[in-house]
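Could you put together the complete structure from these sequences and hints?
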Amino acid sequence: MATSIAKVCQSVKNLTRRSDLLYQQACCLCASFSSSSHLSHPKKLQHVINYQRTRAEVARALRRKQNFLHYEQVDKHRKSPLQSGTELVQEEKEDVAPREYRYVMPEFLPNPDFQYRDRVLEKMERRDMLRRRAVIDIPEFYVGSIMAVTVSDPYSPGKTNRFVGICIDRGGQGLQAYFVLRNVVDGLGVEVLYQLYNPTVQGIQVLKLEKRLDDQLYYLRNAPLEHSTFSFDMQPVTLPRDAPVPVNTTKVKLNPKPWEYRWERFNLKGIEPIELTPKMERGIKEHAKPWEDYDLMLKYRQTVNEDEERSIMTEVFKENSHIESQRKSSRTVLRKKK
Amino acid sequence: MASKAAVTAPLRPLCNFMFSNTNVTVTLAPSSVCFQQKRYRRFPKYVVRPTTRKPWHVRKWTEKKDEYLDASNEQFIKEVIIDKYAKVAPSPLKDGPWERNPYLRETRRTGVLALKLGSLLHWKKDGTPFYVTVLQVLDNHVINYVPPELYATYPSHRPHQGLRFGMQVVGSLSCDPRQFSKPYNNLFMKAGVPPKRWLTRFLVTPDAAVQPGTALDVNHFKVGDYVDTQGRTRDYGFQGVIKRWGMKGMPKSHGTTKSERKMGATGGGGDKDGIWKGKHMPGMMGNYLRTMYGLKICRINTRYNLLYLAGVGVPGLPHTFIRVSDTVLPRRQRNEEQMAEVAMPTWFPEDAEESLPEEMFADDVFQFTEPSLQLEAEES
Amino acid sequence: MIAKVHHEAVSPARHFSGFKKMSLALIALPRPVAQSTKRVAATCCCFSTTQAFCEIRNLARMRIVDNSAIGKAAAEIGKPPRVINVYNKKNVGYLGDKVLVTVKGEMRRAYIVGLRQKQKPNVPRMDTNNIVLVDDNGNPLGNRIHVPVPSCLKGKGGDLTKILSLATKFV
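Chains as they are written, first to last, in full-length UniProt numbering: chain A, 1 to 338; chain B, 1 to 380; chain C, 1 to 171.
FYI, nobody ran anything at the bench for these hints, they're computed from the structure. Possibly wrong hints are sitting among the right ones.
[As the list claims (entries may be wrong)] Per the computed footprint, the stretches of chain A lying under chain C, defined by three or more beta-carbons under 8 Å from a beta-carbon of chain C, are:
id, segment
1, 139-148
2, 155-169
3, 187-196
[To be verified] Some chain C residues near chain A, calculated using beta-carbon distances under 7 Å:
id, residue
4, R125
5, K154
6, D159
7, T161
8, V171
Even for Gly, the Cβ is constructed at its ideal location relative to N, Cα and C.
Next comes the structure, spelled out in structure tokens:
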């Protein structure tokens, strides 16, 4: 519309150039007046959609948008006063869990990747985990503890299977949490992976509660067998109450090569120092990542936000202590009945 | 006036289009007239992505802002919005409720719009593990219903459907109306609900039509039902040929340079020369509409409106919008008993005689409050 | 509880020497061990090899765990048996699968009763790849198995029942 009016103005001006000056001035005035009045006229009369949007506008309208919402946006919608029925879970901030509680129950911390986070889903998962914990006693354990696990086994004559071993790994988040036990049976190293919340697990018992110097003890595969040999008839060792968890500082001497992994590159503390060959040294140097100690963003991405961690751990601590108190009271009732 | 009507009516029978510089209004015939039957390949090898929006879509977002609002006015407007939408009577239905029909074999109900939350590990009662995908039905409302006679004149109507289906528009996630354009906000006038972030439509049979303004809930489905889920897959953007089509690339050395991740030849010679249509090449990957058919609902949480579907593979990252509807698979249809219990056309809060349990499980799913799996020892 | 069983002195070091060449294949470097930061399940595996999966394919070296004469003789000369065929469609052997092995230049059939590969939950993973030799009729050559055997093999049925009757301990 505007362009056509401008064209008319232009043609009027071209015409006036040919005529005399006075007439030209008058016409110019007239033209400018009429053009301005024409421009404002259609706006007042009706709502005109601007089909000649700028290129930037069109580009913005057609721009590819993410086909998912950010999780904070979703939380905003859940809190919105415009809707009802799908409320957000409340966050509790009164009690405070012990500071090291995240190492006691690491599987309650969610996946730190924000793309896979959701508050409601995490809450539901935690609730399921705590329900399972109310049914079977999952004690505190660490990598390096010696544990006994009883699972239901449809093939064994007693329909249960008990395995004793040292915990060499622990991981997984939420309901997928797992731990790995290792033992030597009849001279053969055997490892079994158990899921913490699997319904086939009938009981978990910690025979000896202790920590090791490393987070994973897979190097026991390449160590002498006596380091991972434990008797199936082992009696549980009790710790005095409120005592700190002891750290086992034994250093393991590895077998000569070949190894499962190149253990010299792992910065292990629980093994005796290895005699490094020049090739090993070269490998260590090539694969070392000294900058990662100073990479704050990496640490930020790999850990859950501290406030969030605190609120989660508070909730878990509260629920778990409630479960334990109930269990104790039921035990005393049973004793009295006897 | 014609142009105004064309823009404000979102889904109109005739496809009007106004060319701005010529001021000419072109009227296209509806697709049901002069229909020439054509047969295409059922699964096209290549997809042409639309780069222009459909002419019947209204503009959704607006960036116009009132700059003269101060903080108190802003607060006042927010209160007005909440008063208008949230503080009305519990049911915004203007006229009386529509008639409720029984569920028949050929009935097709409306679906719901859900947010995908993620997946969890669950176990069956015999200890078998399986994964569940959790969907949340957040703040769903029926926005519009178009009867079959009117829908038959729509450009999106397919002639083979005949007059079987009407169209039900469902929206989810209420928003502040100020961020939307006026024609978009007008879509919600009839239903009397706040404008929604996301709209979709389901084809329903007229006996299952739901009145606009009705809230949809997770109780629309029952535990043990089978549903189809449809959504957009994860958007990878422009990707090379290795990631998009799984090609092998070329060697790193031995005379080749700079072509480790390139495709090889694009076509043959002689009769088969040239680049054929549908040749696998780099391009936009992901963001396709994909459907998973026949997922079983194994658990429902009525407080948070959660659907637990057995299986993974529901498209998209978490917090993707998923259309969930009754399955179309013939072997997964309801039996006679289940047909009697279906919420028709949807579940209303007054249907529940007593308060619903917070969680409902399918028969074979292990509940975490149960004791561990105990097998009886054999006597021998 | 544990039945004390006479077991042959098969030192693990000697057994591992058989793996010398293959175990040098590059294995994904797990994350550095750090107590303070939370561990993320992020693997930096750039490519996969059969050795990393510990799959039983053709020419994989095994360990005979029954007390058959031929198995003992093979262990004495330090030549582990090699798989030359796996009797399933994938040509990758899993627990309970039947394989064809060469022992001292002879072809023998055998059953896999223990794997070094990662296993499912509640299924034991052994430090060695164990087999039990059988003859052409499916009868075991030895009369005793001197290592623990996964109890999940009992569910497989078939010829395995003959072998599992020799086992002294199940895990």
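Quick rundown of the hints versus the structure:
{"no.": "1", "hint": "139-148", "verdict": "violated (count 0)"}
{"no.": "2", "hint": "155-169", "verdict": "holds (count 4)"}
{"no.": "3", "hint": "187-196", "verdict": "holds (count 9)"}
{"no.": "4", "hint": "R125", "verdict": "holds, 5 Å"}
{"no.": "5", "hint": "K154", "verdict": "holds, 4 Å"}
{"no.": "6", "hint": "D159", "verdict": "violated, 17 Å"}
{"no.": "7", "hint": "T161", "verdict": "violated, 11 Å"}
{"no.": "8", "hint": "V171", "verdict": "holds, 5 Å"}
Of the numbered hints given earlier, the model fails hints 1, 6, 7; all others are met.
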